[in-house]
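Full structure from sequences and hints, please.
Those protein sequences? They're chains A and B, same order as listed. Numbered by this note's numbering, the letters in the first sequence go through residues 41 to 155 in order. Numbered by this note's numbering, the letters in the second sequence go through residues 41 to 155 in order.
Hints are supplied without guarantee of correctness; some may be wrong.
Heads up, the list lumps identical chains together, so a pair's fine if it works in one copy or across two of them.
[Unchecked claim] No farther apart than 20 Å at their CA atoms in a straight line, the calculated lysine to any residue pairs in the SDA-like style are these:
no., residue 1, residue 2
1, LYS115, ALA145
2, LYS99, TRP144
3, LYS99, ILE119
4, LYS99, HIS139
5, LYS115, THR77
6, LYS99, PRO51
7, LYS126, GLU45
8, LYS126, PRO48
9, LYS126, TRP144
10, LYS126, ARG143
11, LYS99, ARG109
12, LYS99, ASP142
13, LYS126, ASP142
14, LYS115, LYS126
15, LYS126, ARG92
16, LYS126, ALA145
17, LYS126, ARG109
18, LYS115, ASP142
Just so you know, the hints here were simulated from the structure itself, not pulled from any lab data.
2 protein chains.
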Amino acid sequence: MSGAEFSPFCPAFRRAVEIVGRRWTGAIVRALLSGVTRFSDLGAAIPGLSDRLLSERLKELEDEGIVERQVIPEKPVRIEYHLTEKGEDLAEVVTAVSHWADRWAAAEAGAPAGS
Amino acid sequence: MSGAEFSPFCPAFRRAVEIVGRRWTGAIVRALLSGVTRFSDLGAAIPGLSDRLLSERLKELEDEGIVERQVIPEKPVRIEYHLTEKGEDLAEVVTAVSHWADRWAAAEAGAPAGS
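As structure tokens, this is what we get:
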């Protein structure tokens with residue numbers, strides 16, 4: 041856990057942390073990791089997230105190669121969102137952030153949301 | 041790595057991932073973890089980060105209990121920024137994001153920054 045292992049700056053790190061930490065994005069990735077696949081279920085799982093922003097974030101995640109949109113030819117057509125291999129690979133990040141949040145949540149209880 | 045370990049939504053997770061992933065914040069935490077402590081060195085370590093935003097983000101990190109500002113009574117007065125225990129504990133998150141970025145950086149090479 042020594043800091044000596046990190047270089048002071050890494051552009052790939054900066055880019056990655058800001059993709060995942062963008063407003064709502066981490067929450068969407070977590071919901072997908074937990075097995076939620078449908079647009080309406082994603083919206084229902086994440087309190088406060090509007091359909092417009094969910095749609096926007098899913099599109100961004102598609103553009104990043106993190107999410108795959110699947111059209112299932114039923115009647116009516118069903119659309120599902122799944123993590124790609126790159127997206128599934130974020131499980132380690134979600135785990136690390138969850139651990140940190142669990143360890144330090146007590147100190148933050150009652151504090152207003154940061155965004 | 042199975043997604044079954046995650047609940048679909050966790051407010052503490054959402055809050056934490058958006059604190060760390062806020063624009064520049066992850067990069068600042070990484071620089072602090074690597075041992076950089078002075079304002080001007082932090083600014084120099086992170087390309088594109090203005091003094092105004094560095095100052096704003098450091099204040100936010102102080103408010104979150106992640107960073108501690110130390111005034112060292114020399115002439116001229118020296119100000120240092122250090123991670124608190126809560127901040128040092130983000131090493132696991134930075135490591136996880138760095139691993140993910142390293143694994144998938146090839147696929148992203150040449151893509152414009154996301155923010």
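Hints and how they fare:
{"no.": "1", "hint": "LYS115 - ALA145", "verdict": "neither (45 Å within a copy, 39 Å between copies)"}
{"no.": "2", "hint": "LYS99 - TRP144", "verdict": "between (32 Å within a copy, 19 Å between copies)"}
{"no.": "3", "hint": "LYS99 - ILE119", "verdict": "within (13 Å within a copy, 43 Å between copies)"}
{"no.": "4", "hint": "LYS99 - HIS139", "verdict": "neither (28 Å within a copy, 24 Å between copies)"}
{"no.": "5", "hint": "LYS115 - THR77", "verdict": "within (18 Å within a copy, 60 Å between copies)"}
{"no.": "6", "hint": "LYS99 - PRO51", "verdict": "neither (23 Å within a copy, 23 Å between copies)"}
{"no.": "7", "hint": "LYS126 - GLU45", "verdict": "between (24 Å within a copy, 18 Å between copies)"}
{"no.": "8", "hint": "LYS126 - PRO48", "verdict": "between (25 Å within a copy, 19 Å between copies)"}
{"no.": "9", "hint": "LYS126 - TRP144", "verdict": "between (28 Å within a copy, 7 Å between copies)"}
{"no.": "10", "hint": "LYS126 - ARG143", "verdict": "between (27 Å within a copy, 9 Å between copies)"}
{"no.": "11", "hint": "LYS99 - ARG109", "verdict": "within (9 Å within a copy, 39 Å between copies)"}
{"no.": "12", "hint": "LYS99 - ASP142", "verdict": "neither (30 Å within a copy, 23 Å between copies)"}
{"no.": "13", "hint": "LYS126 - ASP142", "verdict": "between (25 Å within a copy, 12 Å between copies)"}
{"no.": "14", "hint": "LYS115 - LYS126", "verdict": "neither (31 Å within a copy, 51 Å between copies)"}
{"no.": "15", "hint": "LYS126 - ARG92", "verdict": "neither (24 Å within a copy, 35 Å between copies)"}
{"no.": "16", "hint": "LYS126 - ALA145", "verdict": "between (28 Å within a copy, 11 Å between copies)"}
{"no.": "17", "hint": "LYS126 - ARG109", "verdict": "within (14 Å within a copy, 37 Å between copies)"}
{"no.": "18", "hint": "LYS115 - ASP142", "verdict": "neither (43 Å within a copy, 42 Å between copies)"}
When each numbered hint is compared with the structure, violations occur for hints 1, 4, 6, 12, 14, 15 and 18.
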